[in-house]
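Given only the sequences and the hints, what does the whole structure look like? Please build it.
So the protein sequences, as listed, match chains A and B. First residue of the first sequence: 1, per my numbering; consecutive thereafter. First residue of the second sequence: 1, per my numbering; consecutive thereafter.
Misleading hints may appear alongside valid ones.
Straight-line alpha carbon distances no greater than 30 Å define the calculated DSSO-like cross-link-like pairs of lysine-lysine that follow [as the list claims (entries may be wrong)]:
1. A/Lys4 x B/Lys418
2. A/Lys4 x B/Lys264
3. A/Lys63 x B/Lys39
4. B/Lys261 x B/Lys98
5. B/Lys184 x B/Lys39
6. A/Lys63 x B/Lys261
7. B/Lys234 x B/Lys184
8. B/Lys98 x A/Lys4
9. A/Lys63 x B/Lys264
10. B/Lys98 x A/Lys63
11. B/Lys362 x B/Lys39
If you want a taste of the chain B side facing chain A, the calculated C-beta under 8 Å gives, among others [what the hints assert, rightly or not]:
12. Ala80
13. Thr208
14. Asn211
15. Ile271
To be clear about the criterion: a stretch of chain A counts as covered by chain B if any three or more of its residues have a C-beta under 8 Å from a C-beta of chain B, and this derived list gives those stretches [as the list claims (entries may be wrong)]:
16. 25-37
17. 43-55
Hints are computed from structural coordinates only; laboratory data are not their basis. Glycine included, C-beta positions come from ideal geometry on N, C-alpha and C.
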Amino acid sequence: MQKKPIFWIAIFFIFLILTQVTSFIDFGMNTSVLGLPNWLFYFSAVHVLFVVLLFYFDQYLFKEKEV
Amino acid sequence: MIYIILVVYLGITFGGSLFGAKIKEATPESYFLANRNLKTFALFFTILATNFSAFYFLGFAGEGYRIGFAHYIIMSLGTALAGGTIIIIGSRVWQLGKEHGYITPSELVYGETGSRPLAMLFSGVMIVFTLPYLALQIVGGGYILENLTDGDLSYSLAVVLLTVFTIIYVIIGGMTSVAKTDMKQGLIVFIFMTLGVILIGHDLGGITTANVKAAELVPELFSQNGTNSFYSPKEWFSWIIFWIIAIPMFPQLFMRFYIAKDLKNLRQSAILYALAPLFISILPVMIGVWGHISFPGLEGNEIDQIMPLMLKKHTTEVFAAIIMTGAIAAFMSTLDSQLLALSTMFTRDFYVPYSKKVIDFKKEVLIGRVIVGLLAVFGMFIAFNPFDSIFDMGKMSFSGIAILFPIGLAVTRFKIVKPLFSIVAIILAIILLFAFHYGWISLSWAFGFEPFILLIVVSFVITFIGVRKR
Chain A
1 MQKKPIFWIA IFFIFLILTQ VTSFIDFGMN TSVLGLPNWL FYFSAVHVLF VVLLFYFDQY
61 LFKEKEV
Chain B
1 MIYIILVVYL GITFGGSLFG AKIKEATPES YFLANRNLKT FALFFTILAT NFSAFYFLGF
61 AGEGYRIGFA HYIIMSLGTA LAGGTIIIIG SRVWQLGKEH GYITPSELVY GETGSRPLAM
121 LFSGVMIVFT LPYLALQIVG GGYILENLTD GDLSYSLAVV LLTVFTIIYV IIGGMTSVAK
181 TDMKQGLIVF IFMTLGVILI GHDLGGITTA NVKAAELVPE LFSQNGTNSF YSPKEWFSWI
241 IFWIIAIPMF PQLFMRFYIA KDLKNLRQSA ILYALAPLFI SILPVMIGVW GHISFPGLEG
301 NEIDQIMPLM LKKHTTEVFA AIIMTGAIAA FMSTLDSQLL ALSTMFTRDF YVPYSKKVID
361 FKKEVLIGRV IVGLLAVFGM FIAFNPFDSI FDMGKMSFSG IAILFPIGLA VTRFKIVKPL
421 FSIVAIILAI ILLFAFHYGW ISLSWAFGFE PFILLIVVSF VITFIGVRKR
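Encoded structure:
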């Protein structure tokens with residue numbers, strides 16, 4: 001089923017909230033791998049998630065055009 | 001030894017790219033847009049190298065020293081999100097450019113709105129606010145060259161040498177050579193920065209040990225908000241949003257949307273562009289954080305020097321020379337792109353439309369080359385006496401350019417744009433920008449957000465009042 005623009009607006013809005021969690025969560029300053037802070041890995045995961053979303057959004061946007 | 005590395009490195013990087021440049025047969029399409037023929041990887045690296053400049057090498061390391069790892073997230077995530085706006089705006093810019101033969105951003109604005117005043121204002125704002133960013137590359141190059149030669153070359157002389165070298169290179173090469181250099185530079189910067197982190201980390205007892213030491217010295221460098229809560233939630237929001245909006249509006253980047261061979265190449269480049277900062281942004285920031293171990297207590301513009309200081313202290317002389325020469329070449333690869341973009345815009349947006357005589361292609365390219373020289377010299381004079389730190393010069397420049405985003409979005413995606421609204425939006429936002437910068441308006445008017453958020457909101461609201469979907 002072809003997704004509607006509102007679907008992608010909602011997805012990216014949720015994603016924007018994921019990038020803003022520092023407003024509601026204090027991750028503290030604990031460190032782990034390579035002595036880097038734990039919260040840095042959360043944001044790295046968010047970054048990778050964005051690239052995946054962008055890939056599918058790109059497919060959606062240009063499939064629409066071809067149809 | 002250092003001079004040999006400088007000459008060999010710059011000779012291979014820049015000289016090699018000039019091979020095959022046809023100075024006499026150039027047409028505007030070939031000189032300014034590399035014949036719209038770049039494939040995915042070349043396009044990706046040229047976008048990357050154009051965007052990662054002195055601001056990346058010196059500015060990121062400086063902010064890593066000043067703020068900590070929070071700066072990495074802001075820059076990597078913010079830059080990644082710009083991949084989305086590149087797909088949304090860039091793809092339409094490419095399509096419209098291909099259909100109508102647009103070369104400059106302003107030609108697209110004029111072609112789609114029919115308003116010459118709006119097109120000229122759009123171009124003028126891009127040019128004026130890119131100049132500090134252009135000068136910033138010369139400043140960065142000057143700092144590094146002076147440092148690299150232990151002061152044998154004074155800052156002023158370094159600035160002059162770099163400017164002259166870049167002028168000659170851009171005049172001969174045009175976009176094809178610039179893009180070739182960018183590709184090499186993109187790869188070299190990534191490889192050498194990674195090696196730099198490994199070598200400095202090793203000298204400090206290993207990457208983990210270095211981070212633990214830095215955390216003991218200044219724990220706040222490891223906090224999610226940075227030192228002194230620099231990135232408060234509102235600041236955090238401001239900066240994440242800012243890069244999404246500012247990056248596609250840099251003229252040297254906007255014009256790269258035209259040069260893709262096809263749409264698929266541009267879309268693939270945008271996705272790679274979104275992924276790359278995850279790896280490359282942490283490298284200078286980490287070196288900046290470690291700077292507290294070796295050079296505690298730096299202040300003001302001294303902080304911008306943390307990268308060369310760390311390289312010289314913790315790596316061999318030859319390696320430090322290679323990586324710093326790489327940094328100089330990176331600055332130049334941004335500078336050459338900016339010079340080419342601005343000279344194209346000056347020539348085609350302000351000279352050609354108002355010239356009483358018919359201007360042939362050869363003359364147009366010749367005028368473009370003359371303007372390259374004039375702009376570079378202008379940037380050099382700003383660099384002699386930089387008005388702010390590297391980061392703050394960049395911030396001023398990017399804020400002015402970000403104002404144009406709503407107009408760029410409206411013109412490429414909504415078609416029917418009432419030019420008067422866009423003109424008012426740009427002028428009002430610029431007045432607000434200067435009012436905040438010079439303190440005529442209190443920062444409290446921005447409600448805790450960065451002032452540029454207010455400018456962007458104003459520009460968006462006014463522009464979109466005048467937009468109709470076709």
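Hint check:
no.: 1; hint: A/Lys4 x B/Lys418; verdict: holds (28 Å)
no.: 2; hint: A/Lys4 x B/Lys264; verdict: holds (22 Å)
no.: 3; hint: A/Lys63 x B/Lys39; verdict: holds (21 Å)
no.: 4; hint: B/Lys261 x B/Lys98; verdict: holds (10 Å)
no.: 5; hint: B/Lys184 x B/Lys39; verdict: holds (15 Å)
no.: 6; hint: A/Lys63 x B/Lys261; verdict: holds (19 Å)
no.: 7; hint: B/Lys234 x B/Lys184; verdict: violated (38 Å)
no.: 8; hint: B/Lys98 x A/Lys4; verdict: holds (28 Å)
no.: 9; hint: A/Lys63 x B/Lys264; verdict: holds (12 Å)
no.: 10; hint: B/Lys98 x A/Lys63; verdict: holds (20 Å)
no.: 11; hint: B/Lys362 x B/Lys39; verdict: holds (27 Å)
no.: 12; hint: Ala80; verdict: holds (6 Å)
no.: 13; hint: Thr208; verdict: holds (4 Å)
no.: 14; hint: Asn211; verdict: holds (3 Å)
no.: 15; hint: Ile271; verdict: holds (6 Å)
no.: 16; hint: 25-37; verdict: holds (count 8)
no.: 17; hint: 43-55; verdict: holds (count 9)
Checked against the numbered hints given earlier, this structure breaks only hint 7.
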